[in-house]
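> Chain by chain, the residues:
2 protein chains.
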Amino acid sequence: MENSQRTLVLLRQIIRSTDMQDKEISRSTGLTLPQLMVMQTLRESLRLTTGELAKEMALTQATVTSILDRLEKKSLIARERGTEDKRKVWVSLTDSGLELMKGAPTTQQDIFVRHFEDMQTWEQSMVVASLERVAFMLNAQHLDAAPVLDIGQLDRAQDEHLKN
Amino acid sequence: MENSQRTLVLLRQIIRSTDMQDKEISRSTGLTLPQLMVMQTLRESLRLTTGELAKEMALTQATVTSILDRLEKKSLIARERGTEDKRKVWVSLTDSGLELMKGAPTTQQDIFVRHFEDMQTWEQSMVVASLERVAFMLNAQHLDAAPVLDIGQLDRAQDEHLKN
DNA sequence: CTACGTTTGTTCGTGTTTCAAACTATTCAA
DNA sequence: TTGAATAGTTTGAAACACGAACAAACGTAG
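In order, the protein sequence lines correspond to chains A and V. Just so you know, UniProt numbering puts 102 at position 102 of the first sequence, and the rest follows in order with no gaps. Just so you know, UniProt numbering puts 77 at position 77 of the second sequence, and the rest follows in order with no gaps.
Everything labelled a hint here was simulated from the structure, so no lab data went into it. This structure is a prediction, so every number in the text was calculated from the model and none was measured. Mixed in with the good hints there might be a few duds.
Same chains, same label: a pair holds when it works inside one copy or across any pair of copies.
Derived SDA-like pairs (lysine to any residue); straight-line CA-CA distance at most 25 Å [to be verified]:
1) 86 / 58
2) 55 / 34
3) 102 / 26
4) 86 / 9
5) 55 / 10
6) 88 / 136
7) 23 / 12
8) 88 / 46
9) 102 / 16
The task is simple: from the sequences and hints, build the whole structure.
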C-alpha cells in the first residue's frame with residue numbers, strides 16, 4: 001500500500017480513537033460531546049468570552065450560547081458580564097465544574113503520556129516532527145484551495161511555507 | 001515544552017484541521033456532517049447493512065436510521081432488504097450519490113497526497129511509523145483501562161502488543 | 001414442528017445541537 | 001450626537017442522538 005494512503009488510514013484511525021475516548025468520557029461525566037468540548041476548552045484557558053469559545057470550537061456564537069445555557073443550569077460554568085467592556089461575557093468553570101473535569105478526563109491523557117514517555121528520546125522527537133509535518137500539510141490545504149484560480153497567490157502561499 | 005504535551009497539542013491541531021475540512025465539504029455538498037460521514041463510509045465499502053454502518057460510525061442504529069431516512073429522501077442512497085437474511089437492510093450509494101461524492105470530497109485529500117508525495121521517501125516512512133506508534137498508543141488506552149484492576153489482563157494485553 | 005430467545009432494523013418520545021435571522025446593548029469613530 | 005460595528009442572546013426550524021418499545025426474521029432446543 002502506498003505511504004500516502006497508509007497515512008490517511010492512520011489519521012482516520014487516530015481520529016476515531018480520540019472520538020471514542022471522548023464518547024467514553026462523555027458517558028462517564030453525563031455530558032454531551034459539545035458540552036464536554038466546552039468544559040475541556042475552559043479547563044485550559046480558565047476564562048474566555050463566548051465569542052472566543054465559539055471561534056475555538058469552530059461553532060456559531062448562537063450555538064455556544066445554547067450549550068452554555070445548559071452547562072450553567074447544571075452549575076458547571078459561570079457567566080460574568082465584562083466590567084471594562086460590558087458587551088463581553090466571561091465564561092469560566094465553577095468549582096463543581098472543575099471538580100468534574102479533575103476525574104476521568106485527564107486520566108485518559110495520562111495513559112497516553114505514560115506510554116509516550118516510555119519511548120526513547122529520539123523516537124519522541126521523530127513523532128513530534130512527523131506530527132508537525134502532517135499538521136502543516138493539513139493546514140496547507142486551506143491555503144492552497146483558492147490558488148488553483150490565482151497563481152500569484154499560490155506563489156505567495158509557498159513563500160509563507162518556506163518562512164516556517 | 002515537553003514532547004508529550006507538544007504531541008497532544010499537535011493531535012488536537014490535526015483533528016481540528018480535518019474537522020474544518022469536513023465542514024468545508026459539508027458546506028459545498030449541502031450535506032450535514034453526519035450525512036457526509038455516512039456517504040464517505042459508503043463510498044469505500046459500496047454496500048453495508050445499517051448495523052455495520054452504525055458500528056463503523058460509533059452511533060446507535062436508531063440514529064443511523066434517521067440519517068439514512070434523509071439521505072434516501074434526497075435519493076443519495078438506496079436501501080434494499082436482504083434476500084438471504086431478510087432482517088438485514090443493505091445500504092448503498094445511488095448514481096447521484098456517487099456523483100456527489102466524486103466532486104469536492106476527494107480533491108481535499110488529493111492536495112494532502114500531493115504534499116505528502118513531495119517528501120523524501122525516508123520522511124514518508126518516518127511519518128507512517130510515527131502515526132502507527134501514536135495510533136497504537138491511543139488504542140492501548142482502551143486495553144489498559146481495565147487492567148488497573150486486573151493485573152493478569154494487563155500482562156495478556158502487553159503480550160498482545162508484542163505480537164504486532 | 002413448535003416455542004423461545006436472539007438479531008436486525010424501525011418507530012417513538014425526549015432532549016440536544018446547529019444555524020440563520022432578528023434583536024438588544026455597548027463601544028467606537030466621525 | 002449620530003451611525004456603524006461588535007458581542008451576546010433570542011427565536012424558529014431542521015437535524016442529531018439516544019433509550020425504549022416494537023415487529024419481523026432467524027436459529028435452535030425440545
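> I'd like to know which numbered hints this structure contradicts. Please list them from smallest to largest.
4, 6
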